[in-house]
Amino acid sequence: MSEKFSLTGLFPRVLTSCLYFWTVYTTLTRIHQIPGWFLAVTLIPTLMVALYTYYKVISTGPGSPLDFPDLLVHDLKAAENGLELPPEYMSKRCMTLKRDGRFRVCQICHVWKPDRCHHCSSCDICILKMDHHCPWFAECTGFKNQKFFIQFLMYTTFYAFLVLIDTCYELGTWFNSGSFSRELIDLHLLGTALLAIAVFISVLAFSAFSIYQVCNNQTTIELHSMRRYRRDLEILNDSYGTNTQPENIFDLGSSMANWKDLMGTSWLEWLFPIETYKYKKSKHTRDEKGLYFNVTPEIQDRLLSGRDLEDRLIRRVTPRPSLEANRPPVEILRVN
2 MSEKFSLTGL
12 FPRVLTSCLY
22 FWTVYTTLTR
32 IHQIPGWFLA
42 VTLIPTLMVA
52 LYTYYKVIST
62 GPGSPLDFPD
72 LLVHDLKAAE
82 NGLELPPEYM
92 SKRCMTLKRD
102 GRFRVCQICH
112 VWKPDRCHHC
122 SSCDICILKM
132 DHHCPWFAEC
142 TGFKNQKFFI
152 QFLMYTTFYA
162 FLVLIDTCYE
172 LGTWFNSGSF
182 SRELIDLHLL
192 GTALLAIAVF
202 ISVLAFSAFS
212 IYQVCNNQTT
222 IELHSMRRYR
232 RDLEILNDSY
242 GTNTQPENIF
252 DLGSSMANWK
262 DLMGTSWLEW
272 LFPIETYKYK
282 KSKHTRDEKG
292 LYFNVTPEIQ
302 DRLLSGRDLE
312 DRLIRRVTPR
322 PSLEANRPPV
332 EILRVN
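Those letters in the sequence shown? Residues 2 to 337, per my numbering, in order.
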């Protein structure tokens, strides 16, 4: 059974919802130094949009190649030997291959794996543009829900900041007025303040890291893969005296271009958990489906021109394992 339909999948969702409601209830009922209407106006809308985005991440899902019937592999052995090829739109635009130069196949899901696609052992399914599996969602962050995940982090950081400021102001007033000498501290309020501190610091740090990754158009898996790739290249450079350096082929050249590629082109798309306009425009095409991605024009022209010719030649003849084994590698980033 996959994690999302098990008890371990329901528990973090129930816990997260309860923590939200408990903190807002405690803040609204136990703070007296700040007007209640002000607390309600600032906290409740933030709570509602944060929780909505939380469940938007879960309901939308990351997307999977299993959603596309033409990516199903009919004969796994033939696909691994090069006797069965992926759809033409994938083979022409695929940038990452296996070490032997062949297209990637998932032996568990029996599907062709597009660029940036990886199999999640927790979800037991291949995920499009997989970033990571988040235990707080019991769900993966991938192509379709990454935008909402980033927004959830920002909403939660802001909500934790509001709760922290409100509770600390109440506790500070209680201490400065000398009330501590005649009455005990409100443990519910203290617990809420401590939780707000922990959540604010941890989520702020993770938000900064996630936004940095978006601005570099790089997933967490690709970050670790690039580190391993650099380490391997350093060994080769030391051995052969070369100066080859890896590059992120999905980096569009600027932080803003990378940000807009995921989050949309307008402030409205950045602030609210809505689908981007370009996703809506591409609903009846294969674009913006996580099957292929834009890269810098220089790299795209260099790789795809050769890939298109290669793909046409391969499809005109019956593929043979010996032919496939001698195909020159054209990718920049190799993955297992």
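Certain hints may be false.
Just the calculated beta-carbon pair ranges, DEER-fashion [what the hints assert, rightly or not]:
1. F162 with H33: 18 to 26 Å
2. Y26 with I275: 27 to 35 Å
3. E184 with L224: 46 to 54 Å
4. Q34 with K284: 45 to 53 Å
5. S7 with Y90: 30 to 38 Å
6. I198 with A79: 54 to 62 Å
7. E184 with V15: 29 to 37 Å
Since the hints were derived computationally from the structure, they do not count as laboratory data.
Heads up, the beta-carbon is just placed ideally off N, CA and C, and yes, glycines get one too.
Taking the earlier hints as the rules, which of them does this structure contradict? none
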